[in-house]
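Engineer: So you can see what is in the structure, the chains are spelled out below.
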Amino acid sequence: MKSDNIISYSPIADSEAIISEANKSSSAQKIVLAGNPNVGKSCVFNYMSGMYVDVSNFPGTTISITRGHYKGNDVFDTPGIYGVGSFNDEEKVARDIILSADVIINVVNAVNLDRDLFLTLQLIDMGKKVSVLLNFNDELKKRKIRIDTKKLSELLGVEVFKTAAVDKQGFEKLNEAIEKAKVGNQELDLHFMLQQVTNKSISQAEALLILEGDESIAKKNNTECGTADERERIYIGRRNRVNEIFDAVEYEDSKKGEIFNWFGRLSLNPITGLPILALMLVLMYFFIGDLVSQRIVDYTENTIGRGFFEYNLKSIVAEHSDTKIDVIQFDTEGNKIGNKSFIFTEGLNSNEPLKKEFEHYSKVEGAETHFQFSNFFLKLLFGEFGIITMTTTYLLFLLLPLVLAFYLIMALLEDSGYLPRLATMLDRSFNKIGLNGRAVIPIMLGFGCITMANITTRLLGTEREKSIVTAILQFVIPCSAQLAVIAALLSGAGISALLLYVSVIGTVLIVLSTVLNKMLPGESSPLLIDLPAIRVPRIDNILKKTFFRSWGFMKEAGFWFFIGALAVGLMEITGILKVWQNILEPLTTTWLKLPKEAANAFVMGMVRRDFGAAGLFQMSLTVMQKTVSIITITLFVPCIASFVVMLKERGLKEGMIIWTGTWVAAFFIGGLVAQLVI
Amino acid sequence: MANSTLDKARKGMPVTVVKLPSGDIKSQLIRLGISEGDTLKCIVRLPGGTIVVKKNRHEIALGFDLAKKIKVILQ
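Protein chains in written order, with the working numbering: chain A, 1 to 678; chain B, 1001 to 1075.
Mixed in with the good hints there might be a few duds.
To be verified - Calculated cross-link-like contacts (lysine-lysine; reagent style DSS-like; alpha-carbon spacing at most 27 Å):
{"no.": "1", "chain 1": "A", "residue 1": "Lys182", "chain 2": "A", "residue 2": "Lys142"}
{"no.": "2", "chain 1": "A", "residue 1": "Lys432", "chain 2": "B", "residue 2": "Lys1068"}
{"no.": "3", "chain 1": "B", "residue 1": "Lys1055", "chain 2": "A", "residue 2": "Lys162"}
{"no.": "4", "chain 1": "B", "residue 1": "Lys1071", "chain 2": "A", "residue 2": "Lys432"}
{"no.": "5", "chain 1": "A", "residue 1": "Lys466", "chain 2": "B", "residue 2": "Lys1069"}
{"no.": "6", "chain 1": "B", "residue 1": "Lys1041", "chain 2": "A", "residue 2": "Lys144"}
{"no.": "7", "chain 1": "A", "residue 1": "Lys144", "chain 2": "B", "residue 2": "Lys1055"}
{"no.": "8", "chain 1": "A", "residue 1": "Lys141", "chain 2": "B", "residue 2": "Lys1055"}
{"no.": "9", "chain 1": "A", "residue 1": "Lys141", "chain 2": "B", "residue 2": "Lys1054"}
{"no.": "10", "chain 1": "B", "residue 1": "Lys1068", "chain 2": "A", "residue 2": "Lys466"}
{"no.": "11", "chain 1": "B", "residue 1": "Lys1071", "chain 2": "A", "residue 2": "Lys182"}
{"no.": "12", "chain 1": "B", "residue 1": "Lys1055", "chain 2": "A", "residue 2": "Lys151"}
{"no.": "13", "chain 1": "A", "residue 1": "Lys144", "chain 2": "B", "residue 2": "Lys1054"}
{"no.": "14", "chain 1": "A", "residue 1": "Lys379", "chain 2": "A", "residue 2": "Lys578"}
{"no.": "15", "chain 1": "A", "residue 1": "Lys30", "chain 2": "A", "residue 2": "Lys168"}
{"no.": "16", "chain 1": "A", "residue 1": "Lys200", "chain 2": "A", "residue 2": "Lys219"}
{"no.": "17", "chain 1": "A", "residue 1": "Lys142", "chain 2": "B", "residue 2": "Lys1054"}
{"no.": "18", "chain 1": "B", "residue 1": "Lys1008", "chain 2": "A", "residue 2": "Lys141"}
{"no.": "19", "chain 1": "B", "residue 1": "Lys1055", "chain 2": "A", "residue 2": "Lys150"}
{"no.": "20", "chain 1": "A", "residue 1": "Lys432", "chain 2": "B", "residue 2": "Lys1069"}
{"no.": "21", "chain 1": "A", "residue 1": "Lys129", "chain 2": "A", "residue 2": "Lys142"}
{"no.": "22", "chain 1": "B", "residue 1": "Lys1069", "chain 2": "A", "residue 2": "Lys518"}
{"no.": "23", "chain 1": "B", "residue 1": "Lys1055", "chain 2": "A", "residue 2": "Lys142"}
{"no.": "24", "chain 1": "B", "residue 1": "Lys1008", "chain 2": "A", "residue 2": "Lys432"}
{"no.": "25", "chain 1": "A", "residue 1": "Lys142", "chain 2": "B", "residue 2": "Lys1041"}
{"no.": "26", "chain 1": "A", "residue 1": "Lys144", "chain 2": "B", "residue 2": "Lys1071"}
{"no.": "27", "chain 1": "A", "residue 1": "Lys648", "chain 2": "A", "residue 2": "Lys220"}
{"no.": "28", "chain 1": "A", "residue 1": "Lys162", "chain 2": "B", "residue 2": "Lys1054"}
{"no.": "29", "chain 1": "A", "residue 1": "Lys324", "chain 2": "A", "residue 2": "Lys336"}
Think of the hints as simulated: they come from the structure by calculation, not from any bench.
Modelling step: build the complete structure from the supplied sequences, incorporating the hints.
Structural biologist: Here it is, written out as C-alpha cells:
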C-alpha cells in the first residue's frame, strides 16, 4: 500500500500472459527488479531499458508490468511491495513476475534498511539468485549513517552494490550485479522445511509461498497451503533475522543527521493540512479546470476534432452518398446569424456547383456543419453518434488531454509523498462512511473522469469499499466535462443557487454512503500506509508515469467507448432514443417543472454527461429551474462508457442496481427540490 | 508505564508494542517493521485518532480502528 503504485495494478491472468510471452526467447535471462515502494526502482529500470519499453496491461488499468531489454535480456519492473504474497492485487502481479525470474535485482532504500531487508530475506529464502542494490547512498552521507556493506553482503550471502539513483552513481556496476547474482544464505530450519515440500513440479520459491499460506499457489500445485499461524511464525523469525543483521551493519554517527520533515508534518495536521489541501485544489482548478478542460479541450475538440477531423471525414463519405447537410453560422459572440440546408441526393460529387457553394458557406469562421446520411450503416459509422466519428473525437480530442492532465497531477502528488499524507489526514472522515483514507484517490480522479475512477476503485482493500466508492462516483461526483457546464450555469445563477446545489448534493452523499455503510456486510480495511519522505519529484519519472498510465487507460477504456457509441447509435437510428424522450417528457414538465426540451438533455446525458448539461445551457430557464436541472443532471446516470466499465468492474447485478438507483435519485430528489422552490 | 492501546498514545510518546491483532493485518504490520516487543514513537496523533508512528527512520500511519486493536505499553 504505497504511493509509488497507488493507482497501478492489473489482474493476474494478464501478468501470466505477459510472462509466458517473454518465455519464448529462451536464451535470454529474465531479470526482475523488486523492491519496496519508493526505493528508486523505476530509475534503475529506466536506466537499463532506455527508451524502448513494452507496457503490457490489458484489462488491468494503468502501468502494471513494464518490460524492457538490457543487453539481450528481458528486464521487468514490478509494483513496489513490502513482501511477496497475495494481500492485494499489486502483490499478486509482483509475485507472479518474481516467481518466473532468473535473476532478481533487489533495490533497497539504504535509509530504511530495517524495513526493506524483510523483502530481501524473503527473496533469498525463495532460493532465487539475488543481487542487492543499496540505493540512496547519497542520503546516507547527509544523514551521517554508515552501513558496512561488506558485512551485509557476508550476512546475506549475496553481492551488495552501493548506488545513488539520482545521479546514476554506481549504475555502471549493474552488469556485475546481474552476473554475480547468487542464491543467498537461508535459514537452515526453514530451508529444511522447504525441502520437504519442494519436488519436481514445485520450486523452492513456490514451496515458501505455499508454506506462508498463499492459497492460489497451493491450489495451482494441488497441495495444501500453510496456516496463518505458520506464516506468522516464519514472518516473525524473518523479522528477527532482519533486526539482527540491521544491528550488525548500521551505525548512526550522530542524531544531527536526522531530517525533520516540516512540510510532511504540516500536510498531516488538519489545521495546516486543510489550507494546504485548499491551495492544491485551487492550483489544480486553474490547471485542469481552466487551462486543460476549457482552453485546450475547446481547441482540440471543436477545432481539431469537429472542425477538421469530422468535417473532412464526413465530407469524403458524403461525396457519393445521399446526404443532407445543415450549416449554421454564428458570429463571434455565439449568436446565430444564418443557416442553410444543402441536399445532395446523389452525393456531393454529383452536383459540383452546389458542392462549391456548400464548401464556401461552411468554411466561414464559426460555422457549424451537421451531416445527415440516409444510409443506415453510414449513419451508424459516421453520423452524429457515429462509432468512428463521435468516438474518435471523444477519445482523442476530449478525453485524452483530460486524462493526461489528471494522471500528471496524480503522479506529482504521489512522487512528492503528499498523497499518502492526504489519505492519512482525511482517514477519520472517510471512516464515517465506511472507507479509509485511500478512497480519496478514486474520488479525486472522479472529478476528472468517472470511467477512469471506476477502474481505480480496484486499489481499495475490500469489495464493500469498492461498492461504496463506485456508488458515490456514479451518484454525486460530476466529471470534469460536466463540471465545466455546471460551473457556467451556476455562475449566472447567484449564491443561493450555489448553496442549494451544494447542500442537496452533499446531503445525498452523506445519506447514500451512510446507508451503504450500514447495509453492506463485512468490515472495511483499516488505514495502514508508509509515509515516504517528502521530496521534489523527478520530472522524467513523472512524465513516464503519466504517459504509461494514460496509454494504459486509453487502451483499456477505448474499446468500451466504442461499444457505448454503438449502443447509442443503434438507439438513435431505431428511434429508441425518441421513445426515451417521450417517456421522460411528462415527468420533466410536471414533476421537475422544466420545459419539455429538458427531457432531451437528460436522454443525451446518458450518452455523455456534458451533452446533457450543455443542452440545458441553450434553454431559457429561471434561476431555480437551472438549479433543479443541474441537481438532476449531477445525480443522473453516468455516461455510457463509465456505465459499461462499471458493469465490467462491479458485475451486472451491482452495476444495474447503481444505474437504476441514479435514475430514481435524480428524478425523485430533483423533483422534490422543484416542488419546494419553483 | 501503563498497559494501553496505541490509539491512546500522544505526540512524542514512545510506546512498546505488546500485542498485535491477529490475521492478515498482523503479517502486514510485521512486514512494515512493527512487531511485538518493538518500541515506536508516536509522532502525530490526528483529531479523531489516526496515529502516525516512527520506527527507526520511517513513518507509518495507522487508522484509528487499527490503532485501537494494538496493545501497547505507554512510556
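Engineer: With reference to the structure, classify each hint as holding or not holding.
Structural biologist: Results of checking the hints against the structure:
Restraint check for Lys182/A and Lys142/A: the C-alpha separation of about 31 Å exceeds 27 Å, so the hint is violated. Distance restraint check for Lys432/A and Lys1068/B: the Cα-Cα separation of roughly 16 Å lies within the 27 Å cut-off, and the hinted pair is therefore satisfied. The suggested pairing of Lys1055/B with Lys162/A holds, with an alpha-carbon distance near 23 Å, which does not exceed 27 Å. Of the pairs offered as hints, the one joining Lys1071/B and Lys432/A holds, with about 24 Å between alpha carbons and a cut-off of 27 Å not exceeded.
Restraint check for Lys466/A and Lys1069/B: satisfied, since their Cα atoms lie roughly 24 Å apart, inside the 27 Å limit. In summary, the hint linking Lys1041/B to Lys144/A is supported, as the alpha carbons are separated by about 21 Å, within the 27 Å threshold. With a C-alpha separation of about 18 Å, the suggested pairing of Lys144/A with Lys1055/B holds against the 27 Å cut-off. A threshold of 27 Å between alpha carbons decides the hint, and for Lys141/A with Lys1055/B the separation of about 20 Å falls inside it, so the pair holds.
Simply put, Lys141/A and Lys1054/B have alpha-carbon atoms about 21 Å apart, close enough for the 27 Å limit, and the pair holds. Our distance criterion of 27 Å between C-alpha atoms is met by Lys1068/B and Lys466/A, whose separation comes to about 24 Å. For the suggested pair Lys1071/B and Lys182/A, the alpha carbons sit about 41 Å apart, so the restraint of at most 27 Å is broken. Restraint check for Lys1055/B and Lys151/A: the C-alpha separation of about 23 Å stays at or below 27 Å, so the hint holds.
A distance of roughly 19 Å separates the Cα atoms of Lys144/A and Lys1054/B; the hinted pair therefore holds under the 27 Å criterion. A distance of roughly 16 Å separates the Cα atoms of Lys379/A and Lys578/A; the hinted pair therefore holds under the 27 Å criterion. Distance restraint check for Lys30/A and Lys168/A: the Cα-Cα separation of roughly 23 Å lies within the 27 Å cut-off, and the hinted pair is therefore satisfied. Distance restraint check for Lys200/A and Lys219/A: the Cα-Cα separation of roughly 16 Å lies within the 27 Å cut-off, and the hinted pair is therefore satisfied.
Distance check on the hinted pair: Lys142/A and Lys1054/B sit about 20 Å apart at the alpha-carbon level, within 27 Å; holds. Restraint check for Lys1008/B and Lys141/A: not satisfied, since their Cα atoms lie roughly 36 Å apart, outside the 27 Å limit. With a CA separation close to 25 Å, the supplied pair Lys1055/B and Lys150/A stays within the 27 Å bound. For the hint pairing Lys432/A with Lys1069/B, the CA-to-CA distance comes to about 18 Å; that is within 27 Å, so the pair holds.
Restraint check: the Cα-Cα separation between Lys129/A and Lys142/A comes to about 32 Å, which exceeds 27 Å; the hinted pair is violated. A hinted pair counts as satisfied when its Cα atoms are at most 27 Å apart, and Lys1069/B with Lys518/A qualifies at roughly 22 Å. Taken as a hint, the Lys1055/B and Lys142/A pair is honoured in the structure, with Cα atoms around 20 Å apart against an allowance of 27 Å. Distance hint between Lys1008/B and Lys432/A is fulfilled; the C-alpha atoms sit about 20 Å from each other, no more than 27 Å.
At roughly 23 Å between alpha-carbon atoms, Lys142/A and Lys1041/B fall within 27 Å of each other, so this suggested pair holds. A hinted pair counts as satisfied when its Cα atoms are at most 27 Å apart, and Lys144/A with Lys1071/B does not qualify at roughly 34 Å. Only pairs whose Cα atoms come within 27 Å are accepted, and Lys648/A paired with Lys220/A is accepted, the gap being roughly 26 Å. Of the supplied pair hints, the one linking Lys162/A and Lys1054/B holds, its CA atoms being roughly 25 Å apart against a limit of 27 Å.
For the hint linking Lys324/A to Lys336/A, the alpha-carbon distance of about 20 Å falls within 27 Å, and the restraint holds.
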